[in-house]
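Chemist: So the chains spell out like this:
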Amino acid sequence: MKEHGSGTGTYILVCAALLVLTVITVAVSYVHLGTMNVVVALLIASVKASLVALFFMHLRYESGLVWGFALTPLFFLVLIIAGTLSDTLFR
Amino acid sequence: MGKHHGEGERTLNDDTPARGYLEERGFWSWAYTLDHKRIGVMYLYTTLFFFLLGGVFALLMRIKLMFPGEQVVSNHTYNVLFTMHGALMIFLFIIPAIPSGLGNFFIPLHIGARDVAFPRLNLMSYWIFVAGIVVILVSLVRPMDTGWTFYTPYSAKTSADVTLLSFGIFLIGMSSILTGLNFLVTIHKLRAPGMTWHRMPLFIWSMYATSIIQVLATPVVGITFLLLAMERLFGVGFFDPAKGGDPILFQHFFWFYSHPVVYVMILPAMGVISEIVPVFSRKPIFGYNAIAYSSLAIAVFGFFVWGHHMFVSGMSGTAAIIFSLLTFSVAIPTSVKVFNWIATMYKGSITFESPMLYALTFIFLFVVGGLTGMFLGALGADIHVHDTYFIVAHFHYTMMGGTVMGLLAGLHFWFPKMTGKMLSEKMARTAWLLMFLGFNVTFLTQFLLGFEGMPRRYAEYPPQFQALNIVSTIGSWILATGILIMFANFVRGLFRGEPAPPNPWNALSLDWKTGSPPPTENFREIPTVSDWPYGYAGRRP
Amino acid sequence: MMSGPGAHEKAGIAAHEASHMDPATAREAATLGIWTFLATEVLLFGGLFTAYVIFRIRYPEMFYEDHLKLNRVLGAVNTVVLICSSLTVALGIAAIRRGKVGLLRLYLFLTLLLAGTFLGIKYVEYTEKFHHGLHPGTDIFFSLYFALTGLHGIHVLAGMVVLGTVLFLAGRGKYSEGYHTPVEISGLYWHFVDLVWIYLFPLLYLVG
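Protein chains in written order, with the working numbering: chain S, 1 to 91; chain C, 1 to 541; chain X, 1 to 208.
Hints listed in this document are in silico derivations from the structure and should not be mistaken for laboratory results. One or more of the hints may lead you astray.
If we take Cβ atoms under 8 Å as the criterion, some of the chain S residues that face chain X in the derived model are [as the list claims (entries may be wrong)]:
hint, residue
1, 19
2, 26
3, 69
Here a beta-carbon is modelled for each residue, glycine too, at the ideal position from N, C-alpha and C.
Using the sequences and the accompanying hints, generate a full structural model.
Modeler: Next comes the structure, spelled out in structure tokens:
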């Protein structure tokens, strides 16, 4: 873990961004976009998640090894969803 | 070039107790220990106990199976017997034995460290394991009759105490996760100076790959059993067609863990073999990189194939074809290892001490098991033999002929290091012969039974299968005798074994460069490593 | 004699730990350790997320109708609460990095307050649902809702226990500018709990 994480100012900015994105995602949910609702919601959620991971969890300052540990489970999450879908979608 | 007893550097002070890490006595010195060696020993005792208990259930099953009707025990009792045999063997013996037993003991020694990265977490993992055992044993008041796979809908509805058992298995899983987590960080961070990744013993590569699987797959079985408990307690309905759920979803979740977990079972055993074969061939391991990387490949590919347990479940044809194709891919890294072990022995100077006997047995029996696995990966063949004794024989060849033989090889190899005593080679060989014969009589007949159509998990079977069943049961008695003689050898060794020198096998890894048994701090000074541990006969990688 | 671990055993443990890793390695090991643990949590929740995907595709109308019955306002408030609690944890860690123990304790206390608020709001939501006869088992959507938010809620509770312990130990002077690893790794766990909710909120409350 690096000694210098982000500073207090950065944390407050990130929090503000997260709150703004929350407002946006709630607002968009009241608009009927069909399938795009899910896409937009997940996109915004992913931006928020990235902000939390990069700044609050200081992935931004971590080594490649830590990035590997952080991202690998996502691959396997996709795998279990895809594998199960390969069954349920094609019955 | 023979082996010389007494060779090998001692790295001990004059005031190091002769019994090393075993010197301190008393209940609390074990229960409250942070020494990875003691934790490993506790895991070994616990898991070997359940090996024997699970074996007793197996013997009872085989006695019943000599008779085709509802004889000896009731059909319901038979269902309980095979469920308990499977569940105990898998969750309380075969998954933890090599990783948490031998792995805990030897990983720090192999990499030149004083302990694992998180010793307190290590101790906690053992006591969580014990807590899980207690919960599972309490659940036996209303014992399981679902098969160790706990398929819904039956497991959601049976009066057996599945809820409590689910919680018990959840705890066992937590223990497994903590062990894997500890090993991953240990291997990354605590290697001795000069020990690059390519100078690590192959046992460490296999334990690293195993730990990846433990960390990523076990949580899925955790949520699976949580959902099963929720089904029974709250009727959530994810697996209940009447509520819009899907019973096959349970199987997807269950096998997403339970297929990779067979690689948790086999990879450590393969690691043990990779340590033993070079020592008793007096030759460097052939294809170090291939064995190292194939371990990682097995760990990863093993996650892609879980659907091959579900070909006849009602899964889609598309998924079946995809999983069948992927299943064949996992054979490739596995067979790479087998070729490398054989190439190691080629033109080596081979001797047949008991560790090598068990290692050779592993290679032979595991190849049989693995090849029959390839038959099962083929859709057409699997439909014919699914849920028959062919499957039972397949997994006993891989799990018992494979993992158990690997464990026994490791126990014989490392008994002098762990206890400071030597085993009786004569007893070891007698036990081995009976086990080898008994095992094949028991399980080869089951390939035939399965191919001819005898279903598994059936208490009653058509009378034409009785003859082979009787043969198989007789085999189980020969196998059991061999196992008992081996345990007698262990007990004898503990109390009356010859004192062991630091390096009785004249091996090169760091564990053999410290005392037998090692001191609590493992090494007087942490060594600086400049070479790989396979430089037998002075050959370079 | 089973009289409990004596001073001798405890001293042995302390010596064992002290001789083990140098501080830099210990910090890096702790970081890898907590990220590994978080990886397991991804897969734990992953099973439920998989179930969500499967059943959402299968029952689009049920998901649409049912999600409207959830209290979007309370869900949004809870999202804000958790985001702010991540901020307070981060500020607390920034404080202890400058050696300011008192500030750390303040921010930890605020975090616990916000976490408690989160659970309080969930309690209100749950009782409201039960009052309307909506509970786990009503249908697949509500089973998923209760399973996902319930599992998440348990993690919030566990996080409160962890952060509460850190707060207590901070009061005993355990942490300083030079050593505050447990604070950092507890913080990482807490941010992860926030992360899961960042996905749960839209998937359950916003998109039918």
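Chemist: Now tell me, hint by hint, if it's right for this structure.
Modeler: Do the hints match the structure? See the list:
1. 19: holds, 6 Å
2. 26: holds, 5 Å
3. 69: holds, 4 Å
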